[in-house]
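Visitor: One-letter residues, chain by chain:
Number of protein chains: 2
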Amino acid sequence: MAANTTTLKGQPLDRPALDALLRRRMFYTPGFEIYGGSAGLFDMGPPGVTLQDNIISLWKKHFINEEAMLEVDTTVLTPYDVLKASGHCDKFTDWMCKDPKNGELLRADHWVKDTLKARLNANKLARGETVTEEEDPKKKKKAGKVAAQKLSDDVVKEYEGILARLDNYTGAELGELIVKHDMKNPATGVIPGEPKQFNLMFQTQIGPNSANVGFLRPETAQGQFLNFSKLLEFNNNSMPFASACVGRSYRNEISPRGGLLRVREFLMAEIEHFVDPESGKKHARFAEVADTELVLLDRHTQQDGKTDVRKVKIGEAVSSGLVNNETLGYYLVRINKFMEKIGVDMSKLRFRQHMANEMAHYAADCWDCELLTSSGWVECVGCADRAAYDLEAHAKRTGSPLTVRERLETPIEEEKWEVEPNRKVFGPLFKKDAKTVENHLISLSQEELAALSKQLAEEKKIIITVPGLADASTIGAEALKIELKKNTIHTREYFPHVIEPSFGIGRIMYSLIEHSYWTRAADDGGDEARGVLSFPPIVAPTKVLVVPLSNNPDFKPLTDKICRKLTSQGIWVRTDISGATIGKRYSRNDELGTPLGITIDFQSTSDNTVTLRDRDSMTQVRGDEDAIIDAVRSLVTGQKTWADIEKELPKFDGQKA
Amino acid sequence: MAANTTTLKGQPLDRPALDALLRRRMFYTPGFEIYGGSAGLFDMGPPGVTLQDNIISLWKKHFINEEAMLEVDTTVLTPYDVLKASGHCDKFTDWMCKDPKNGELLRADHWVKDTLKARLNANKLARGETVTEEEDPKKKKKAGKVAAQKLSDDVVKEYEGILARLDNYTGAELGELIVKHDMKNPATGVIPGEPKQFNLMFQTQIGPNSANVGFLRPETAQGQFLNFSKLLEFNNNSMPFASACVGRSYRNEISPRGGLLRVREFLMAEIEHFVDPESGKKHARFAEVADTELVLLDRHTQQDGKTDVRKVKIGEAVSSGLVNNETLGYYLVRINKFMEKIGVDMSKLRFRQHMANEMAHYAADCWDCELLTSSGWVECVGCADRAAYDLEAHAKRTGSPLTVRERLETPIEEEKWEVEPNRKVFGPLFKKDAKTVENHLISLSQEELAALSKQLAEEKKIIITVPGLADASTIGAEALKIELKKNTIHTREYFPHVIEPSFGIGRIMYSLIEHSYWTRAADDGGDEARGVLSFPPIVAPTKVLVVPLSNNPDFKPLTDKICRKLTSQGIWVRTDISGATIGKRYSRNDELGTPLGITIDFQSTSDNTVTLRDRDSMTQVRGDEDAIIDAVRSLVTGQKTWADIEKELPKFDGQKA
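Residue numbers (the numbering used here), protein chains in the order written: chain A, 1 to 657; chain B, 1 to 657.
Just to be clear, a hint being listed does not mean it is correct.
As the list claims (entries may be wrong) - Here are the computed lysine to aspartate or glutamate pairs in the EDC-like style, where the Cα-Cα straight-line distance is at most 20 Å:
1) B:LYS561 - A:ASP114
2) B:LYS60 - A:ASP53
3) A:LYS396 - B:GLU33
4) A:LYS230 - B:GLU478
5) A:LYS61 - B:ASP53
6) A:LYS556 - A:GLU625
7) B:LYS565 - A:GLU288
8) B:LYS396 - A:GLU33
9) B:LYS230 - A:GLU591
10) B:LYS556 - A:GLU67
11) B:LYS561 - A:GLU67
12) A:LYS561 - B:GLU66
13) A:LYS61 - B:GLU288
14) A:LYS230 - B:GLU591
15) B:LYS460 - B:GLU478
16) B:LYS61 - A:ASP560
17) A:LYS84 - B:GLU67
18) A:LYS435 - B:GLU33
19) B:LYS556 - A:GLU66
20) A:LYS565 - B:GLU288
21) A:LYS184 - A:ASP114
22) B:LYS230 - A:ASP114
23) A:LYS565 - B:GLU67
24) B:LYS432 - A:GLU625
25) A:LYS230 - B:ASP19
26) A:LYS60 - B:ASP53
27) A:LYS556 - B:ASP560
28) A:LYS432 - B:GLU33
29) B:LYS61 - A:ASP53
30) A:LYS230 - B:GLU67
31) B:LYS565 - A:GLU66
32) B:LYS565 - A:GLU67
33) A:LYS561 - B:GLU67
34) A:LYS98 - A:ASP114
35) B:LYS561 - A:GLU288
36) B:LYS556 - A:GLU288
Because the hints were derived from the structure by calculation, they are not lab data.
Can you make the complete structure from the sequences, with help from the hints?
Guide: Right, here's the structure in full:
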C-alpha cells in the first residue's frame, strides 16, 4: 500500500492545498454544483480541457500515427443485442449490499476494504504508530469512524491478506467476509444485507418505441469489434493491424467518490490490436524495444500478499513467459514511453499483473500500468489479451463472419458436415425466424452435425432448441439435408486474437497533476508557499503568458502584436491584463502550469525588447521581440532547453514587482 | 429550394457514386450494421475521424485561441432538475402522429413536407417539367409514391407557401394542415392521427436509486451556463467573455434519415458569449470586420415565401438593424471565415435569418449559416441571441446568483421591499422546504412584496403557493417580516445576455465532403470516372501517401526513413505497400483526399531522389529526400502552393503505371 506521497521536489504532498489550487484554477469542478451536485460527474475548466486535449493529441501521435493504427469514432448509444452478446448485460456488475435498517446502498468490496482499513488504522493509533494520509479515518466518511483499538498480530495479518486479494472475491465470498468479520454499518449498527448484483450500465430507449432498449457503452471496444471486417478491408486485408478509439464511456457506479479517479462518465482511449493466434503473437518491432527495462509487480508476488516490484528487460520477461507474448510486451513498453513523454514521475509507475481470478476466463494475460498518487496505486492503463472472445460472440449472435481469410499456399483436402436447407420448405416453415434457425445450425460443431444427420436419416426429422426462440423447432427431412462433403480448402479462416491497451484519460491526467505539483517558499516571507505545476511544455495547457507591466495603454500595441505572432504559429498563448502585481500574476500562472512568461515593460515601448521568464527556475532573459518569439518556439517544440536559451540571451534581473 | 447540385468542378453531382466512395473508403458507416443497424447512429472510419479532428482543431484555434475564449468540457449526463429549469423537459419536443391503422409513428412536420413536395413533384411530371434530385420521388420512401398529377396554379402557390413557412407551425396547425389537405398515409390509406408531443431527450437513471432521473444533454449550452460564475471568476471578473464547449449531444429523433444530416448522437461545438445587455452588445473588434460582405437571406423575404439572397456589408447590416447587434454580426463574419478556411465552397453558403415564430420567445435575433448540398440547404451553424433566459431560469430554480456585480462609480440611494424570515420560527415551520419557500419569496417582484407586506400587517399571516410544494404555505407574522428598507447601492448587479454560435460538426463535415468532391475522366478510357476529394491540406485526413513502386524489399529502408522523418514533424503520413498498381494506389488516395504523394522508385535507391505528386493537378516533381520533405512541410502548413513548388523543383514525367 502507498506510503505518504510526495511532490515533484520530494516535499510531503499537502492534498487539501492541491485540491484548493485545482478548484481555484478551475482544472476541474464538481458537475451541477449549483443544483447540489451529482456524484461521479465532473466538468473541466479551461486549463483542464487543454491539458486533456494535449494528452490526447500526444496519444494519437504516439500510438495512432507512429504505429499506423486505424482510428474509428463509434457511438456511445449501443443497442441491447450488442451488449447482450458481449456479456455486459449479464456480467458488467458490482456487488451491492442494502442496509436493512436505512436502505442505504453500499458497494460490497469497498465496504470490506474501508472497514478493514479503518480497523488496521485504529490498531496503529492504539499502538502509537503513524497513520498514512491514505488511511486517515477523517477522509473515510462511513466505515472509517473507529476509535483507537488494538488488534492481535494474527488478525492484522489476516486483514492485510484480505486486502491484498480484494479483487479476487466473488459476491458470496464478500458476503461471508462481511458477516464473519462483523462489519456493521456504524450509521445503523446492523450488518449490511447479502451482496446482490447491480448492472453498471446506463439504460435508455432508442427512438419512440419503448421496446428498443439501449445502453451507454461501458467501453469503446465493442464498437471497434463490430467494425472489424470493414477495418480489415480498409487495411487491404492485411494482418496484423490495430484499431483505436478515443471517446467517452459510462459506468453507473454505486457510490462514486475519489474525484477524477472514479467517475460515472469518463474519457477512454482504447486500442484493439488484432493478431493471428497461430503467429505466436510476435510483433515486428519487438526487437527495437527488447532491452527496455520495466518495473513489474507479478502475479505470484501478489498471491503471496506482497507488493515488491522488480526491474526486468521486456525481452527477458517475454522469453521467460512472465509476460505472455511479444505483442503484449511491445505495448507495455509503448505505454511506459508514453507516460514518460507526458511527464509522469517514472519513480511512481509500475506494471501490475492481474491475478488469475481478476482476469476474464478467456484472457491469456493482463497487466495494469499503475501510477502512485495520494490515493495509492491507481490503475491508469489496462493491457489485456482478450483472445477471440468478443469477435466470436458477435459472429455467433449475428451470423457475420468476423474472421480473417488467408489464401493457403498448399490447398488442403477436407471432409465436412454441411447444412443445406431446402429453401422452398425451410423458409415458409420458420418465416421470419428462418435465418436464426439456419445460423444456429451452421454454428453447431462437426460432432453435433454428424449426430443430427444420423437422426435425420433414421427418424426423418430432428427437434432442436434454438437460442432466442421460445419453442423447440421441429425440422423434417424434406426441409433440410446434413451431408458429409469433400472440399478442397484453398483458404484458412480464423478469428484473430485481440491485445487491448485501454487508457483511462481522467486517471492519467489526475496522476500527472499530482506528479507535476510542488510548492515554492514565498520569496518575501509574507505569503503562503506557492503552488507550481511543472508540466512539460508539450502538455502544458498554455505555453506562454504575456503580461504588460500595468494596464497602461502604451503597452497594448506590443502586447497584441506578440500575442498574434505566437498564435499564428499555433502556440497557445494568454494575456493577463488584470491590475494585479506582476508577482501575483506570475504566481497565478505557475499554478496554471504555464512554462513561460513574457513581460512588456517601459523599456519595451522604447527599444522593442521584452523579458522571458522560466516557470521552474524563475530566472529571466531579455531580448528583442523576434528573438524572444524564436526562443519560445524552440522551447515549446522541445528543440532547446532553458539552459540553451540562458546561454544565448542576456540574463535579466530588473523589474520584479 | 435547391437546384440540382454540382461538384467542385461544376459537374452534376452523382450522389450514389459519392455515397459508394464514402462507404468504400470508410469515411463513415452505419452503426451496428451486423446487428441490422440502428437508425440515426453512425460510426466514423479512419479518414472520417481524422477529418473531424482537423476541423475541430482548426475550430479551436480560430475561435478559442484567437478570441481567448474559456473552454469547458462538461458531462453529457444531466440531472432532471437542470433540464426542467431550462425548459427542455417540457418543450424539447417534436410533433408525432400515429397511424391509427398500423401504429407507425410519423414526425408531423416531415409528413407535411414530404407529402406536399411529392405532390408538387407529381405536378411537375404531369406538366413535363424537370424534377430536381432533391424532389425525386424515388428517394422518398413513404409519402413520395405519387404518380404524375396536375395541380392548379393556386394550389401550387398554397403548397409552396406552406413549405416556406414550415418551421412556423404549431402542432395543432400541422394537424389541421394534414386533415385539410387530406395527407393520407399511402401505406394504409388513412390520415395519421392528431400530432402529439414527443420529448426528444434520452432518459436514464443516475446511480442505483431509481428516483434519480437524468438525461443525455440535448446541447452543451446548459453545462456552460451552470459554470457561469466560476468562469467569470476565472476571467478575473471581467466582462464580456465567451465560453466554449466541444462535445456530443443527443436527440432522440422520431425517424432519423438523411445520413449524417439528422442523427441521434452528434458532435457540437458551441460558444456562449456573455455580454452586458446595457452595452448595446457592442464588440471591441467589430471595426476590423465591418466591411466584410456576407450573403444574407432575411426574415422578410422568407415571409413573402421567397428565398432571394443579397450581399451585404456586416457594418451596414448592423447599422440598419437587419442584424440585431455588433456581437452577433461579428460572429457571423467569424463563422463565414471559418467556413472559408476549412474549404467550404463559398458560392454554396448563405446566412438565413429565423422567422419570428421560429425563434424562442426571448430571442432577439437568430441567423443560421446554411450550406447547399444534394439534400438542399442544410443548417450547419445557428447563431442566436438567447438573451438572459437560461441564466435567469437556473438562478430562479437554485437561488444561485448567476449575475455580474459591477462597482458603480456613483452610488445610488434606493428603497426596496426586503424579506426577512425569523429563522427560529421559519426554519422549524417549513423544515427541509424552508430554503425553497424563502427563495420563492425573494424571487417575487417589488409590487408583490408590497402587497404581501400589507396583508401580513393586516391579517398577521399570508398564504402563498410555492412552486414545487404540494400544499399552499401559510406564514404567520411571527415567522416573517417584509419591510421597506433604504439602501445605498454601490454595485450594479445584472444577468448578462448570451450570444450563442452553435456548430453541428457532422453536418459541416458532410457538406464539406460534397463541396470537395469531383470526378476525373479515366485517363486510359477503360475505367470509370475516378472520384477525388480536394480537401485543403489543413483539413485533409492524411497529408502524404508514401508509395514504393512495388513491394521489392530494396524500397523499404527509404520508405521507412521518409515516413519517420515526416511523422516526427507531426505530419500525418501513410504508406501503401499493397501489390496494386501505382495508378490504383493513387486513385485510392485521391478518394481519401490526400493532397500529396511521394513515390519511391528504382532511381531512388541509387540517388536518393523521390517524386512528389499533387492530387489536384496530378503533376509531379522530383527532388532529393530532404528537398521533397521540405516541400511537403511548406505545402502542408500553407506557406507555399503547388505552383511555387513546381517553380523550385524539376518536373517529372517518368514512371506512370
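Visitor: If a hint holds in the structure, say so; if it doesn't, say that too.
Guide: To see whether the hints hold, each was checked on the structure:
no. : hint                : verdict
1   : B:LYS561 - A:ASP114 : violated (54 Å)
2   : B:LYS60 - A:ASP53   : holds (11 Å)
3   : A:LYS396 - B:GLU33  : holds (15 Å)
4   : A:LYS230 - B:GLU478 : violated (75 Å)
5   : A:LYS61 - B:ASP53   : holds (12 Å)
6   : A:LYS556 - A:GLU625 : holds (14 Å)
7   : B:LYS565 - A:GLU288 : holds (18 Å)
8   : B:LYS396 - A:GLU33  : holds (15 Å)
9   : B:LYS230 - A:GLU591 : holds (17 Å)
10  : B:LYS556 - A:GLU67  : holds (16 Å)
11  : B:LYS561 - A:GLU67  : holds (14 Å)
12  : A:LYS561 - B:GLU66  : holds (12 Å)
13  : A:LYS61 - B:GLU288  : violated (37 Å)
14  : A:LYS230 - B:GLU591 : holds (17 Å)
15  : B:LYS460 - B:GLU478 : holds (8 Å)
16  : B:LYS61 - A:ASP560  : holds (16 Å)
17  : A:LYS84 - B:GLU67   : violated (47 Å)
18  : A:LYS435 - B:GLU33  : holds (16 Å)
19  : B:LYS556 - A:GLU66  : holds (16 Å)
20  : A:LYS565 - B:GLU288 : holds (18 Å)
21  : A:LYS184 - A:ASP114 : holds (12 Å)
22  : B:LYS230 - A:ASP114 : violated (34 Å)
23  : A:LYS565 - B:GLU67  : holds (14 Å)
24  : B:LYS432 - A:GLU625 : violated (62 Å)
25  : A:LYS230 - B:ASP19  : holds (16 Å)
26  : A:LYS60 - B:ASP53   : holds (11 Å)
27  : A:LYS556 - B:ASP560 : violated (49 Å)
28  : A:LYS432 - B:GLU33  : holds (18 Å)
29  : B:LYS61 - A:ASP53   : holds (12 Å)
30  : A:LYS230 - B:GLU67  : violated (41 Å)
31  : B:LYS565 - A:GLU66  : holds (11 Å)
32  : B:LYS565 - A:GLU67  : holds (14 Å)
33  : A:LYS561 - B:GLU67  : holds (14 Å)
34  : A:LYS98 - A:ASP114  : holds (16 Å)
35  : B:LYS561 - A:GLU288 : holds (15 Å)
36  : B:LYS556 - A:GLU288 : holds (17 Å)
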